[in-house]
Amino acid sequence: MRRNQVAVVGAAETTRLGVIPDMSQMQLHADAALNAIEDAGLKISDIDGVATAVETPQQIAHYLGITSTWVDGTSVGGCSFMLHVRHAAAAIEAGLCKTVLITHAESGKSNIGRTPRMIGPDSFNGQFELPYGVTTPASMFPIPVLRYMKTHGITHEQIAMVAVVQREWAAKNPRATMKTPITVEDVLNSRMIAYPFRILQCCLVTDGGGALILTSAERAKDFKKPVYILGTGESVETPMVSQMETFDSSRAFRTAGPLAFREAGITHKDIDHVMIYDAFAHLPLYGLGDLGFMPHSETGKFIADGHTRPGGKLPVNTNGGGLSYMHSGMYGMYALQESVRQMRGIAPAQVKDAKISVCHGVGGMFAASGTIIFTNQT
Amino acid sequence: MAEAKRARPVPTPETQHYWDGAKAGELRLQKCDACAKTYFPPRPFCPGCGSRKVSVVKASGKGKLYSYVIHHRPAPGFTPPYAIAVVELDEGPRLMTNIVECEQTPEALQLDMKLEVTFEKLDDDISLPLFKPAKG
Ligand SMILES: [Zn+2]
Numbered sequence: 001m002r003r004n005q006v007a008v009v010g011a012a013e014t015t016r017l018g019v020i021p022d023m024s025q026m027q028l029h030a031d032a033a034l035n036a037i038e039d040a041g042l043k044i045s046d047i048d049g050v051a052t053a054v055e056t057p058q059q060i061a062h063y064l065g066i067t068s069t070w071v072d073g074t075s076v077g078g079c080s081f082m083l084h085v086r087h088a089a090a091a092i093e094a095g096l097c098k099t100v101l102i103t104h105a106e107s108g109k110s111n112i113g114r115t116p117r118m119i120g121p122d123s124f125n126g127q128f129e130l131p132y133g134v135t136t137p138a139s140m141f142p143i144p145v146l147r148y149m150k151t152h153g154i155t156h157e158q159i160a161m162v163a164v165v166q167r168e169w170a171a172k173n174p175r176a177t178m179k180t181p182i183t184v185e186d187v188l189n190s191r192m193i194a195y196p197f198r199i200l201q202c203c204l205v206t207d208g209g210g211a212l213i214l215t216s217a218e219r220a221k222d223f224k225k226p227v228y229i230l231g232t233g234e235s236v237e238t239p240m241v242s243q244m245e246t247f248d249s250s251r252a253f254r255t256a257g258p259l260a261f262r263e264a265g266i267t268h269k270d271i272d273h274v275m276i277y278d279a280f281a282h283l284p285l286y287g288l289g290d291l292g293f294m295p296h297s298e299t300g301k302f303i304a305d306g307h308t309r310p311g312g313k314l315p316v317n318t319n320g321g322g323l324s325y326m327h328s329g330m331y332g333m334y335a336l337q338e339s340v341r342q343m344r345g346i347a348p349a350q351v352k353d354a355k356i357s358v359c360h361g362v363g364g365m366f367a368a369s370g371t372i373i374f375t376n377q378t
Numbered sequence: 001m002a003e004a005k006r007a008r009p010v011p012t013p014e015t016q017h018y019w020d021g022a023k024a025g026e027l028r029l030q031k032c033d034a035c036a037k038t039y040f041p042p043r044p045f046c047p048g049c050g051s052r053k054v055s056v057v058k059a060s061g062k063g064k065l066y067s068y069v070i071h072h073r074p075a076p077g078f079t080p081p082y083a084i085a086v087v088e089l090d091e092g093p094r095l096m097t098n099i100v101e102c103e104q105t106p107e108a109l110q111l112d113m114k115l116e117v118t119f120e121k122l123d124d125d126i127s128l129p130l131f132k133p134a135k136g
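Those protein sequences? They're chains A and B, same order as listed. Numbering follows my numbering, in which position 24 of the first sequence is assigned residue number 24; successive positions increment by one, without gaps. Numbering follows my numbering, in which position 95 of the second sequence is assigned residue number 95; successive positions increment by one, without gaps.
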């Protein structure tokens, strides 16, 4: 894909985040979509492309009253929206549509009008993982952690620092769910969920949604503060965490990330701001390593030394992340929203003069990955 | 009220040999006749080279502890805390399992400890491969 040919011209989250018991999942989609369309200064009739995950594009198109010429229902977990951005950019460049709406919503906490996600007992996961007592993502996603720690010499304290640093960012964000400062001791003394992870190393469970509007860079000139798509990457590995090629690294991450960097034509020194989907506290370590910021063995120390915290040389997860900002179940959309805010210069914890932002997502338990590199420079 | 049981796997035609093996007390893998790759989960072709010429082989049942969590939340058929582990078989493939005949603690569960297969009968058709610390 060519650089800077497509831009985000509308971006918004649901009016409220957190606990929203008076809205169904579909209405959360609509609330986010209407906010994003308004943010772009457009009308519903301007939208001719629809992308969404879990729900189908036809559900969204019908609910909102959109007549589409292009849809994408890629649903690979929480990073689906990174893949939608990539696919939408390609579609717009190819002339399949002009203005794409990407929506996410999840009634993750209130569970109202939620589309069920079932695992059949005759699927691979049903036969070879479910019988061993895996239930929630918290029982599966941390399974690789002990091997990662042993291979790369990472300590429990270093991984605990991920949660501490993200709470520091969240404290600057009025919309963050959790803002009270925490220490490494607090993290390591919090309730055990799935050793080695405790509750403060696991994502929040909330309601919410978000939406993006994309159009060609040519048309984007007429909009306020367009944010350009500089590079993109995607990959999938396996739906079964036990079948990852290795636990020392994520193949999906190290495929998608470098692809985006190559496409963008930039090096790590050019990056001002990073979002790494943190469903659990180990993901920023995997992300920093697999995206090539540093060897995996240095990721724990890098975070523990404070380089990703406010004022650090590489600001990471500046909204507070899935650990402290919000996590409805498919957090990728919120990471994208924060990257766009940073590129527009309107983030609550704004990184001064940020020009390039990397937004990296995960789907399932390292099952999928998408990376989008944004810039506010033409 | 009947006690909740752990999730019961339902075989498909492509995985039946694996579950037949478990029922007979054997851990069965597949090996590619073309490129010699030994693989899991079961499928009637090699995920390494695509060849349909593959054989079912009996695994040694020996391996080592690759990684795990100790889950502290309730789950049907389990009494928390219980370990959900991944074992790396001597033949190469890894599979999810539980570790039995072993304390479910970080001290007892050491990465790379040697394990061997054992089987737990769920019903007349399904026995589940589990692993225990290897003797000697
Ligand atoms: Zn082969």
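These are computed hints drawn from the structure, not numbers from a lab. Keep in mind that the hints are not guaranteed to be accurate.
Said to hold, decoys possible - In silico DSS-like links for lysine-lysine, alpha-carbon gap of 25 Å or less:
#1 150/A - 121/B
#2 121/B - 64/B
#3 64/B - 150/A
#4 58/B - 98/A
Said to hold, decoys possible - To give an idea of the interface, some chain A residues facing chain B are shown, with a C-beta separation under 8 Å as derived from the structure:
#5 99
#6 122
#7 129
#8 130
#9 131
#10 137
#11 139
#12 142
#13 192
#14 194
#15 195
#16 247
Even glycine gets a Cβ: it sits at the ideal position worked out from N, Cα and C.
Results for each hint:
no.	hint	in the structure
1	150/A - 121/B	violated, 34 Å
2	121/B - 64/B	holds, 23 Å
3	64/B - 150/A	holds, 15 Å
4	58/B - 98/A	violated, 57 Å
5	99	violated, 41 Å
6	122	holds, 4 Å
7	129	holds, 5 Å
8	130	holds, 4 Å
9	131	holds, 5 Å
10	137	violated, 11 Å
11	139	holds, 5 Å
12	142	holds, 5 Å
13	192	holds, 5 Å
14	194	holds, 4 Å
15	195	holds, 4 Å
16	247	holds, 5 Å
Hints 1, 4, 5 and 10 from the earlier list are contradicted by this structure; the remaining hints agree with it.
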